[in-house]
Amino acid sequence: MIALSESAKPIDDVFRALSDPTRRHVLERLSKSPASVSELAEPFDMALPSFVQHMGILENCGLVHSRKAGRVRTYQLVPKRLKLAEDWLGRQRTLWERRLDQLDTYLITLKEK
Amino acid sequence: MTLWKPDPKLDLVLERVVDVPRELVWAAWTTPEHIVHWFAPKPWTTTGCKIDLRPGGIFNFTMRSPEGKDFPNAGCVLEVVPQERLVWTDALLAGYRPSEKPFFTAVIALEKQGKGTRYTATAIHRDAAGRKQHEEMGFHEGWGQCLDQLVAYSRKM
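Protein chains in written order, with our numbering: chain A, 1 to 113; chain B, 114 to 270.
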């Protein structure tokens, strides 16, 4: 049970980080390629300090990783962290849903042949 | 005309729309060569499947656990309306012989929708316990990998 409560914390942080639309948007953007803070902040009508705070939440829970080169801080996605959330959601699926997911994937490959 | 009435307390009903012609969906549900590719949730595999597509015909499949243990399932085809409806059950064996452990009846209904297909898979159970058991089966086995595959696949689309 101790192991369970310990392992519950990172996933709590991940879901908390995912609960905000700005942060989700940033993750979507980073799934394409790494980007600097100014690039990431550009689509948002938000003061930079507030935006940097969002980035801090994403980095603290391990969803993104940053590196500073000169005056530019570049962020990149850490897919392994996101997998925590994916796995949790996956566990909530039923046998039949999983089965039909596989069927649909298989049907698409059949259709392409 | 449908004789069965899904009961949300007892049955599992899943509806999907796929952008695939109905003939292909029907083939995937009714031919062993196709069924072995998708029927078992990975990392489980379907190691064997035998279908005689007519009322009273055999509907058997064997699922293998990640540890290599085989779980055979024997059933009987009840109704076949090509491209439209397939009904089978494990309450009977081939030739309508009553089985030892009746658990569920499956109704697969297909409908054309544009160029694609809407299909409904219904698992009919005797009681709520049966439904729950079915829902939880394989629940903790291999979900991660299956979802990985799905996510990896959907990224390619």
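Simulated from the structure, these hints should not be mistaken for laboratory data. This structure is a prediction, so every number in the text was calculated from the model and none was measured. You may find that some hints are simply not true.
[Stated by the list, open to error] Under the rule of at most 16 Å between Cα atoms (straight-line distance), these lysine to aspartate or glutamate pairs were calculated in the EDC-like manner:
no., chain 1, residue 1, chain 2, residue 2
1, B, Lys155, A, Glu112
2, A, Lys111, B, Asp132
3, B, Lys155, A, Asp104
4, B, Lys245, B, Asp120
5, B, Lys245, A, Asp101
6, A, Lys9, A, Asp87
7, B, Lys155, A, Glu97
8, A, Lys83, A, Asp45
9, B, Lys228, A, Glu112
10, B, Lys225, B, Asp120
11, B, Lys155, A, Asp87
12, A, Lys113, B, Asp132
13, A, Lys113, B, Asp120
14, A, Lys111, B, Glu136
15, B, Lys155, B, Asp120
Going down the list of hints, with the structure as the test:
no.	hint	verdict
1	B:Lys155 <-> A:Glu112	violated (22 Å)
2	A:Lys111 <-> B:Asp132	holds (9 Å)
3	B:Lys155 <-> A:Asp104	holds (14 Å)
4	B:Lys245 <-> B:Asp120	holds (13 Å)
5	B:Lys245 <-> A:Asp101	violated (20 Å)
6	A:Lys9 <-> A:Asp87	holds (15 Å)
7	B:Lys155 <-> A:Glu97	holds (12 Å)
8	A:Lys83 <-> A:Asp45	violated (30 Å)
9	B:Lys228 <-> A:Glu112	holds (14 Å)
10	B:Lys225 <-> B:Asp120	violated (25 Å)
11	B:Lys155 <-> A:Asp87	holds (14 Å)
12	A:Lys113 <-> B:Asp132	holds (14 Å)
13	A:Lys113 <-> B:Asp120	violated (38 Å)
14	A:Lys111 <-> B:Glu136	holds (10 Å)
15	B:Lys155 <-> B:Asp120	violated (29 Å)
In summary, the numbered hints that this structure violates are 1, 5, 8, 10, 13, 15.
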